[in-house]
Amino acid sequence: MAVFWRSAIGKKVVMAATGLIGVAYVIAHMVGNLQVFQGADKLNGYAAMLHGPFKGALWAARAVLLAAVVLHVVAAWQLTQLDRAARPAAYARREPQISTLASRTMRWGGVLLLVFIVFHILHFTTGTIQPAPFVAGDVYGNMVGGFRVWWVALFYALAMVALGFHLYHGAWSSARTLGVAPPSPRPFRRPLAATIALVVAVGFALVPLAVFFGIVK
Amino acid sequence: MNLTLRVWRQPGPAAAGRLVDYDARDISPDASFLEMLDVVNEGLLEKGEVPIAFDHDCREGICGSCGLMINGVAHGPVKGTATCQLHMRSFRDGDVVVVEPWRARAFPVLRDLVVDRGAFDRIIAAGGYVSVNTGSAPDGNVIPVAKSDADAAMDAAQCIGCGACVAACPNGSASLFTAAKITHLALLPQGQPERGRRALRMVAQMDAEGFGGCTLFGECQEACPKEISIDTIAQMNRDYLVALMRQRPDPVAASG
Amino acid sequence: MELNAKIPAGPLADKWDRHRFELKLVNPANKRKFTVIVVGSGLAGASAVATLSELGYQVLCLCFQDSPRRAHSIAAQGGINAAKNYQNDGDSIFRLFYDTVKGGDFRAREANVYRLAQISVNIIDQCVAQGVPFAREYGGLLANRSFGGAQVSRTFYARGQTGQQLLLGAYQALEKEIAKGGVRMLPRTEMLDLVVVDGRARGIVARNLVTGEISTHLADAVVLGTGGYGNVFYLSTNAKGCNTTAIWRAHRRGALFGNPCYTQIHPTCIPVSGDFQSKLTLMSESLRNDGRVWVPKRQGDTRPPHEVPEGERDYYLERKYPSFGNLAPRDIASRAAKEACDDGRGVGPGGLGVYLDFADAIRRLGEDTIRERYGNLFEMYQRITDENPYRVPMRIYPAVHYTMGGLWVDYNLMSTIPGLFVIGEANFSDHGANRLGASALMQGLADGYFILPYTIGDYLAGVRLGAPPADHPEVRGAMEQVASRTRRLLAAHGSRTVDSFHRELGKLLWDKCGMARTAAGLSEAIQRIPAIRDEFWRNVNVPGSDGELNQALERAGRVADFLELGELMCRDALHREESCGGHFRVEHQTEDGEAKRDDERFAYVAAWQYRGDDQDPCLVKEPLEFESVTLATRSYK
Ligand SMILES: Cc1cc2nc3c(=O)[nH]c(=O)nc-3n(C[C@H](O)[C@H](O)[C@H](O)COP(=O)(O)OP(=O)(O)OC[C@H]3O[C@@H](n4cnc5c(N)ncnc54)[C@H](O)[C@@H]3O)c2cc1C
Ligand code: HEM
Ligand code: HEM
Ligand code: SF4
Ligand code: F3S
Ligand code: FES
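Residue numbers (our numbering), protein chains in the order written: chain V, 438 to 654; chain G, 8 to 263; chain H, 678 to 1314.
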């Protein structure tokens, strides 16, 4: 285990595994959120169900997620340090050839995501931050209230763009990190990752936008 | 054709370096990039100045000695081509060409454009071989090898050890080089007995040399004169993980 | 002085086995106590280092590149021969032996060549076991191709990168031994002199090419696997760094130099394109399996190739040598190309080129098969010439490629200096006056894996060597000489660059001591070279200091040695009043322009002894006896 964590590949594998947990979560979460379009009762009912009968599962999930995010961030931090140290002197000129913008923004995009997640939990889960009055249990109301505030909607929308990018690279690269990707004549093709990234980002962003433009009231 | 070169000059390993401008006059488009440097160096020598130091030997794209960062691209603009096989017809008259050495913590600059790639040898020494002593081999045809496997192994075995993958990688990672050797031997029956041990030890050495991790940017494959695929990196990761799960990590790998 | 080749008695086929049995063995416990210096990490050097270390010797290995993996062997393209007869086409050890002796125009030692053919089969097994990815048939068995000078298909290959894969195999074995602690590797270190104490080779003087530090390394035996000296011609297919320094310094210390004039001109190289040219690129001669060589019949015919109708093309190799056709041996194919061009029928810039045409092969086998076989060679050609050989025929011209000559060695690969062994291209080798394709890799690996490791043991077991005499005057003397020579080069502060001298020498040798040699031309060269050498020492300009990485200084030292070797080559060529293999004396040819050997007077190895700068070298002959083959006129018609 020590060997595993000490090696760069080991850390990367942790990133990939925790990242994929994240992927699974965001997909589920997004689907859940889309119920907002079916009205307050549906969504609040769903939330109530999670917080009620499924409380145990919820807490289990929270534990897993927390652990995943922590590991993911720690590994990301350590790898970034390692990678920076590997090139102490920069080139006077460097022209990226085929690395995608997504791959090159994993780090800052990641930081943005971290900020988002923290803000997001303080906003919707704990209600610590209240751009609009927060009513525990009234998920629908909280959303509609929150996303009427322009900067909240904007921040969420931007965060989702970051997420889309993160997944466009991450969902593809993790398969290689874990060594499960089969050899291919065109290894950079990534239909699945692209779909996931697009669906998740759009699916999430719909909500704040719909509220802000008054489609959901 | 005439060009302006902006070349990294550094008198020694410890000394500070800087970019210096030179003009390359009436260069033939049929000359190779290194022959262009020869012409510039002859000019410097005639003036009694110290010529630009750069590594080169075969000038056929096979020994892996040469390797320059040309306008921010490892081995220059032509894909699948080592610096010595790059010809001046790929440049336009009047171009400004920035020439830098490979830059990585594990590749210290020795002088001008010459770097020390000894780390690669140490990665191979860590396990990039099949442990058979001379004289103990069975007949070459005893173990048939599927043509497709032999071909795939050859694809990976073509690595010339130039270091362009490291130079091009934003993380200064040696993943492609290490993975190429691991993949070459993993695809052949002769490589199986030591497969796991090899992966563990070579990866440990790669880290110990101070190379970065792999974010899968893919720049390495693009820079590789032999166009070795990043699929080899997936193969390396798989072999590494499987080995870790299977056996107790051996002490050398652990202390890596 | 007398040369004793130490060829074992007995029937040809049993010589090696019997000899191996008779060789003294070093007891395993004592091997650790012996140190061997191996200069060179090419096929010969690396394979020797790995094997010696496996046997338990302490080995110190040097190379001038930054890694042992970059030795010039890496560039070998076509393949390696072995008498496996996997193709069931009638090959055998004796046939490989015969082809090699005949290919060498009956100027090689029977016993050595037979041993080489015997060992060839073990080499393939060894390399396969190391994981060398040789080409395979669909059935999973090893594939073969035929190669110049042979009518059987016995050449093993790994795409167009056979040398690379074989060298990486040996290199990996070497790294394995480094990891085990048996080998100390010194890359970027150049041997500049040999240390001889009490008549025995006891070490070397070497320069660290990064720090410039000059130091001595002492041992119980020294092995040179330092490659060929083709770069004496400046333009050759050799890697830029290839040089003669190691063997030349050893020659000056008393090792005889065998057949220096035997150089091989390779028929299929990319023609020169300008005076900036720094080296010539070989197109593996395996291309001649499917490519057809031709020139227009009419002189000065400037039409593009596709406009020259079939009837007006001269497929001269097929015409002159019906049975071998385009696969005629190198020396013959090269000379034929030269004749065609001298005859004003050459193609391309300066009329210095002939066509190598794949149109028929592509029509017959399809472009994919051709790409499968020669893809990377075609790419290389296109990259250099900007022409697509799938569409227009390649243009090729002969270029210096290989040197059969080298330090004289006996059957045990030991030079005339006890304790100094020479392997690979650096020795005068088993190729006689001409080397067949795919046989140098075979020889290098045979020497390194399977011969030297036995024979060196016999030497070490047989002598009482004291501890290396670090403070012996000979040792300090050699060190001082190297230092002062380096200082001289830096002190000249002349007005000409090292390369300008190298080019001048190269041109002279190419004209006078190249594909066609005359007494007049050679005598002229022997007059002019000392003058060039003179000016070099007075007027060369080497900037920088000796205490740093100084590539101009490295080159200067090598060129200085080439300037001495070049003269010896011409003397050897002048004295050999016959034509044989790569050595073609215009005065000695048949009316239809074929080489004319003189077995009465010249069936011997010419070994030259250095006797000081102010004296001419003296010739020592090793007569060649042929018991198993009858000396025939070498005909490929
Ligand atoms: C382009 C090309 C293609 C070829 N193709 C084929 C082929 O298809 N088949 C075939 O059989 N043969 C082929 N040959 C010939 C064959 O490659 C060589 O003859 C053979 O590889 C020589 O191996 P070697 O080990 O003797 O020397 P090399 O491989 O040249 O190694 C010489 C070593 O000595 C070291 N060295 C030299 N001088 C010094 C010094 N002063 N101090 C320290 N180190 C020194 C160098 O660093 C190097 O490590 C080809 C040759 C060329 C040029
Ligand atoms: C516009 C997009 C999003 C909306 C509208 C949204 C909405 C919500 C809401 C309303 C809650 C509270 C649910 C409850 O308390 O019952 C919640 C919780 C949460 N969201 Fe989001 N979310 C969005 C995007 C994201 C993203 C991208 C992530 C992860 C990267 C994320 C991670 C979480 C987490 C971890 C919780 C806490 C779950 C819990 O433990 O209760 N959310 N989200
Ligand atoms: C919490 C803040 C986050 C940070 C700081 C962060 C950071 C990073 C970084 C730096 C990488 C690249 C690592 C490398 O290859 O060098 C990465 C990869 C990845 N991230 Fe994140 N990330 C975060 C959140 C997320 C989330 C929410 C998800 C999923 C929804 C996710 C999924 C992934 C995946 C799948 C990878 C690919 C791993 C690989 O290439 O093997 N990350 N992350
Ligand atoms: S993988 Fe490619 S780029 Fe990297 S060292 Fe090998 S040949 Fe060079
Ligand atoms: S560019 Fe670097 S990040 Fe990985 S894929 Fe190549 S090594
Ligand atoms: S000089 Fe050998 S690969 Fe470029």
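Don't take each hint at face value.
When the alpha-carbon atoms are kept at most 30 Å apart in a straight line, the in silico BS3-like pairs for lysine-lysine are as follows [what the hints assert, rightly or not]: (1) G:Lys154 to G:Lys86; (2) H:Lys1184 to H:Lys683; (3) V:Lys492 to V:Lys479; (4) G:Lys54 to H:Lys997; (5) H:Lys701 to H:Lys683; (6) H:Lys1184 to H:Lys1273; (7) H:Lys917 to G:Lys54; (8) H:Lys1273 to H:Lys997; (9) H:Lys917 to G:Lys86.
Think of the hints as simulated: they come from the structure by calculation, not from any bench. It should be emphasised that the depicted structure is a prediction, and the values quoted were computed from it without experimental measurement.
Structure-based check of all given hints:
no. : hint                   : verdict
1   : G:Lys154 to G:Lys86    : holds (27 Å)
2   : H:Lys1184 to H:Lys683  : violated (39 Å)
3   : V:Lys492 to V:Lys479   : holds (18 Å)
4   : G:Lys54 to H:Lys997    : violated (53 Å)
5   : H:Lys701 to H:Lys683   : holds (15 Å)
6   : H:Lys1184 to H:Lys1273 : holds (26 Å)
7   : H:Lys917 to G:Lys54    : holds (23 Å)
8   : H:Lys1273 to H:Lys997  : holds (17 Å)
9   : H:Lys917 to G:Lys86    : holds (24 Å)
The earlier numbered hints that this structure contradicts are 2, 4.
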